[in-house]
Structure formats: C-alpha cells, structure tokens
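Engineer: Chain by chain, the residues:
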Amino acid sequence: MSNAPLLEVRGLNAWYGESHVLHGVDLDIREGETVTLLGRNGAGKTTTLRAIMGILRRREGVIRLRDKDLLALPLHKVAQAGIGYVPEERGIFASLTVAENLTLPPNVSDGGMSIDEIYTLFPNLHERRSSQGTKLSGGEQQMLAIARILRTGAKIILLDEPTEGLAPVIVQRIGDVLIALKERGMTILLVEQNFRFARKVADRFYLMEDGRMVNSFPGHELDARMDELHEVLGV
Amino acid sequence: MSTIFGIPTPALYGQILIGLINGSFYAMLSLGLAVIFGLLRVINFTHGAQYMLGAFAAYLLLTYAGISYWPSLVLAPLLVGAVAIVIERFMLRRLYGLDPLYGLLLTFGLALIFEGAFRHWFGAAGKPYAPPAQLTGALNLGFMFMPIYRGWVVAASLFVCLGTWLLIEKTRLGAYLRAATENATLVQAFGVNVPLLLTLTYGLGAALAALAGVLAAPIYQVSPLMGSNLIIVVFAVVVVGGMGSILGAIVTGYVLGVLEGLTKVFYPEASSIVIFVIMAIVLLVRPAGLFGREE
Numbered sequence: 001m002s003n004a005p006l007l008e009v010r011g012l013n014a015w016y017g018e019s020h021v022l023h024g025v026d027l028d029i030r031e032g033e034t035v036t037l038l039g040r041n042g043a044g045k046t047t048t049l050r051a052i053m054g055i056l057r058r059r060e061g062v063i064r065l066r067d068k069d070l071l072a073l074p075l076h077k078v079a080q081a082g083i084g085y086v087p088e089e090r091g092i093f094a095s096l097t098v099a100e101n102l103t104l105p106p107n108v109s110d111g112g113m114s115i116d117e118i119y120t121l122f123p124n125l126h127e128r129r130s131s132q133g134t135k136l137s138g139g140e141q142q143m144l145a146i147a148r149i150l151r152t153g154a155k156i157i158l159l160d161e162p163t164e165g166l167a168p169v170i171v172q173r174i175g176d177v178l179i180a181l182k183e184r185g186m187t188i189l190l191v192e193q194n195f196r197f198a199r200k201v202a203d204r205f206y207l208m209e210d211g212r213m214v215n216s217f218p219g220h221e222l223d224a225r226m227d228e229l230h231e232v233l234g235v
Numbered sequence: 001m002s003t004i005f006g007i008p009t010p011a012l013y014g015q016i017l018i019g020l021i022n023g024s025f026y027a028m029l030s031l032g033l034a035v036i037f038g039l040l041r042v043i044n045f046t047h048g049a050q051y052m053l054g055a056f057a058a059y060l061l062l063t064y065a066g067i068s069y070w071p072s073l074v075l076a077p078l079l080v081g082a083v084a085i086v087i088e089r090f091m092l093r094r095l096y097g098l099d100p101l102y103g104l105l106l107t108f109g110l111a112l113i114f115e116g117a118f119r120h121w122f123g124a125a126g127k128p129y130a131p132p133a134q135l136t137g138a139l140n141l142g143f144m145f146m147p148i149y150r151g152w153v154v155a156a157s158l159f160v161c162l163g164t165w166l167l168i169e170k171t172r173l174g175a176y177l178r179a180a181t182e183n184a185t186l187v188q189a190f191g192v193n194v195p196l197l198l199t200l201t202y203g204l205g206a207a208l209a210a211l212a213g214v215l216a217a218p219i220y221q222v223s224p225l226m227g228s229n230l231i232i233v234v235f236a237v238v239v240v241g242g243m244g245s246i247l248g249a250i251v252t253g254y255v256l257g258v259l260e261g262l263t264k265v266f267y268p269e270a271s272s273i274v275i276f277v278i279m280a281i282v283l284l285v286r287p288a289g290l291f292g293r294e295e
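Read top to bottom, the protein sequences are chains A and B. By full-length UniProt numbering, the letter at position 157 of the first sequence is numbered 157, and the numbering carries on one by one without gaps. By full-length UniProt numbering, the letter at position 187 of the second sequence is numbered 187, and the numbering carries on one by one without gaps.
Do not take every clue at face value.
[Stated by the list, open to error] For lysine to any residue, the following SDA-like pairs were computed, each having C-alpha atoms within a straight-line distance of at most 25 Å:
no. : chain 1 : residue 1 : chain 2 : residue 2
1   : B       : K170      : A       : A94
2   : A       : K200      : A       : L27
3   : A       : K68       : B       : T185
4   : A       : K68       : A       : D28
5   : A       : K77       : B       : K264
6   : A       : K135      : A       : L73
7   : A       : K135      : B       : R286
8   : A       : K135      : B       : T199
9   : A       : K68       : A       : A94
10  : A       : K155      : B       : G97
11  : B       : K170      : A       : I118
12  : B       : K264      : B       : G151
13  : B       : K170      : A       : H126
14  : A       : K77       : B       : V274
15  : A       : K135      : A       : K182
16  : A       : K77       : B       : L247
17  : A       : K155      : A       : K135
18  : A       : K135      : B       : K264
19  : A       : K68       : B       : K170
20  : A       : K135      : A       : A167
21  : B       : K170      : A       : H230
22  : A       : K77       : B       : G151
23  : B       : K170      : A       : L136
24  : A       : K77       : B       : R286
25  : A       : K182      : A       : D227
26  : A       : K77       : A       : I115
If you are wondering where the hints come from, they were derived from the structure by calculation, not from laboratory data. Since we're looking at a predicted model, the values are computed, not measured.
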C-alpha cells in the first residue's frame, strides 16, 4: 500500500444549475482503504459521489485518480479510468435480464472478478440470471448493482447507501461482501447513514455538513466520537 | 367464382397481399422511428424524407452510375445513414435535453428542405424504377397470382425486422441500447460511449428508412413526396404500437397494413382512415400503446 492517495479530491465545488451545492470538498483515499462519508440527508454525500463520477458536470477544483485529472474527462472516460459506481437507486435495468445487467458495464482493466467467481459470491444471481433485472428483491438488486462493478476491474468503487431500505439479514450479507472485497484489496468510497454498518468496514470516516467536509477521523475513533456524531447527524 | 362474405376470393387475397406490402413498409419505417425515439427522445420527422432519399439514391445510382438494384440495396442505406450521422453530429446533438419540440421542429424543417430540393431538381412527377430481372414475373400460388417482386418485399422486410429485433434484444450492442433508453447517464457512467451510441442509432434508423425506400422504388414510383404521404400513417402505427416499443412497431405495422387492406374490401370508404380510427381508440383505452409500458 503506497502513501500517495489513489483518489485525491481538492477544493471541489459543484453546482446543480444555479445552486452551489459543494463548497471546497477535500478527500483522499489510499489504495485498499475503505472510507465512509457520514452526514445528514442533504449534506452533499451523494452529490460528492456524483461530482467525482462526472455525472454532475458543473464542477471546479481537482479530482485526480493516481495522476490522471478526471475533471477534464467526458463521463464515459471516468469509468474507463478505473472508477466503478453503484448508485443509490441501484440502477438495475428493467429491459435487461439479470445476466445482461451483470455484463453491461464494459471492462475497464484486467483483474475484475470472473462471472463464475461472482456467481459463487452471489448464488441468488446465478439462480435468477434469466429473470428481468427489476424482478429481483431489493437486496438482490443491490447485490447485482455491486456485482456488475466487481466484474469490470475497477480500481475503486463508489457505493451510495447500499443498505438503504433493506432487511437486517440482507444488510449483514452486504457487510460480509464488503469485507470480502476489502480482503481482496478493493478501494471503497462508501456513503452510509447506518454507522453501525459502516463501523464494521470503514478504515476512516469523513463527516459532511452543508456541502463541506467538517471533520475526518480514523475508524477506531468512532466510539469515542459518538456524542459529537449524534449532534452533527441528529440521530 | 368462390366468395367469402360475398367478396370474390381473388379480390380478398389481392387486398390482403397489398395490405401485407404496405404493412411491410409501415413496419420497417415505424421500427426505425421507434428505435430513434426510444433512445434519442427525438420524434424524427425527417424519417419520410430519409425513405424518399433511399429510393432516390437507388434511382440516381442506376441512372448516373449504372449501379443496379442489388448493390443499391446496400449503398443507398449507407449513403442516407452517413447523411443522418452528419445531421446528428452537427445539429440534432445540440437539442438533447431541451424541450422535444425543438427536435421535432428541426427534423420537420429538414424534411421540408430535402423534399423541396428534390422537387426543385426532379419535379413532382414519379420516376419509374424497374424491378431487377430476377424478380420480375408472377408466381401462381394456386389461389392467386403473386408478383414475385411483391413477395420478395414482404420476405425482405420480415428479414430486416427480425434482424433488427435480434440485434436489439440479443446482442451486447442491443443491451447498451436498451439500457441507455432507460437511463443514458448511468450507462455512460459505466464507461459506454453513449454519444457515439446515439449517433449510430440515428444513422441506423435512417438507414432502415432508406432500405425501405429502395425496396419501395419498383412498387411505388420514385418521387420527392413519396415519404410525406406515408409518414403520417407510420406515426399512427408507432403510436398504436407504443412509442419506443420495438416489437410493438413491427407487429402493429403488419397488422394495421392488413387491416387497412381488408377495409378496402369490405368498406372501401373507410380504408384511408381506418388506421387513424384505431389509433384514436387505442389512445383512449391504452394511452401508452398496445405494447408500450405505462410510465
């Protein structure tokens, strides 16, 4: 694990139309790290992911993957540079089967999981590979949304609230999957409201409020900072 | 002479065949419109002109370059597709994300320009285009005589529709197209070059229209307005099938063609409006069309 960050975000500002939604966001992720963004609804967590990905186009600042400037790239080149995106709404396509959903994202580098490995990790997807993508349960759709990025060989995966609206047993399963990914050396940027879930996987936390990064701390300090977090997150 | 419901059977079969021929063109044209609308959200009013350009390309290739029907079947769609790609790159592309009305106005304006220019150069009268020698004559089917060229058109259009359907439903490129029709941004965020996909799709839709134009050249005469007469019916077919539905466009094309033919036999007065009556009823009962998904 090198010390130079794999993904480096400096002074990132972003706008939805006229409204200024990110104010000078700084963020570093080193290779193999799992970093979690915490914050209330509307704090700018999802927006940060969308701005890094380039889905949100009106941006200023610096976004670098290794030495590559992502800000200048058209949307489809960002994925090709090695970033995989799992959106909050999961984005499973109704007009594609489960297997077609799984193989939709083009490979961006070697070293992605093979279809067999994925079906071993997610046996449900194998059983239902010929079903329409959106006929899967919410949990299975989330697994599919993660699985299809693992196939592509992306270096870093942006995961937006993977546990939202899912039953505890499924949340547990997704936690196991993330831990397995960490063990394989995958770099993960996670947005999560459920910090009982996040504490199990995160190496570091960033805290966001009103489109700004207000704090960051290593994972083992989470317990000591509970009071502070309760205040900022209002939970 | 045998009759069905008091109608002589040769007349009935004849009209069913004409219905199938018309249906073949409805299906090929509405297929292209549906693919373009599904992905680009553009109502391509240039489609009729692109069909006309296909027929004219075949006519001009034959008249000025001596290139016969068979090579034209490939060359004309390539030429018209290339023109469409230029239109998409330099004009249509600027209108994505705006009110769909802008795309409609642009494509309608282009159709008027193409049709006006060809009327200026070649006059409004139709130009004859002979079917290839291999496809002349008629076949005795036992119950009727079928001109071989007409049988060829029905077979070729079925083949083209099936091929396009397979391309969209069974290939990787088709999966990109279907997914991008649902959520283009996400597909692009996965690393697919969606702007290129849009360009190719518009080119493919126009090429399909041009191919229909070449097939039509020996049946209808080649004239600058041949497309504008047809395109209104084709829009009705797309609406009945369900905007953006591939299978809907194909099935509805043939079915409405045959229904129109049957109406000519049983109640000729209604034959030119029957498709629009069906469209009105479908819009009342199922606004998303017979094969469309309610949104």
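Engineer: What's the verdict on K135(A) and T199(B), does the C-alpha distance respect the 25 Å limit or exceed it?
Structural biologist: violated, 31 Å
Engineer: Please work out if K200(A) and L27(A) have their alpha carbons no farther apart than 25 Å.
Structural biologist: holds, 21 Å
Engineer: Is K135(A) within 25 Å of R286(B), Cα to Cα?
Structural biologist: Given that 25 Å is the threshold and the Cα spacing comes to 24 Å, the pair holds.
Engineer: So if I understand the rule, the pair passes when the alpha-carbon distance is 25 Å or less; does K77(A) with V274(B) pass?
Structural biologist: Roughly 50 Å between the alpha carbons, so the hint for K77(A) and V274(B) is violated.
Engineer: For a C-alpha distance cap of 25 Å, please report whether K68(A) and A94(A) respect it.
Structural biologist: It is violated: about 34 Å lies between the C-alpha atoms, which goes past 25 Å.
Engineer: Between the alpha carbons of K170(B) and H126(A), is the straight-line distance 25 Å or under?
Structural biologist: holds, 19 Å
Engineer: Taking 25 Å as the top limit, are the C-alpha atoms of K135(A) and A167(A) close enough?
Structural biologist: It holds: about 17 Å lies between the C-alpha atoms, which stays within 25 Å.
Engineer: Between K77(A) and R286(B), does the CA-CA distance stay at or below 25 Å?
Structural biologist: Outside the cut-off at roughly 41 Å; violated.
Engineer: K68(A) and K170(B) were given as a pair; does the straight-line alpha-carbon distance stay at or below 25 Å?
Structural biologist: Status violated; Cα separation ~36 Å.
Engineer: Do the alpha carbons of K77(A) and L247(B) lie within 25 Å of each other, as the hint requires?
Structural biologist: violated, 33 Å
Engineer: Verify the proposed pairing of K135(A) with K264(B), using a straight-line Cα cut of 25 Å.
Structural biologist: Violated, at about 45 Å.
Engineer: Going straight from one Cα to the other, do K170(B) and A94(A) come out at no more than 25 Å?
Structural biologist: Roughly 15 Å separates the two Cα atoms, so the pair holds.
Comparing the model with each earlier hint shows violations of hints 5, 6, 8, 9, 10, 14, 15, 16, 17, 18, 19, 21, 22, 24, 25; every other hint is respected.
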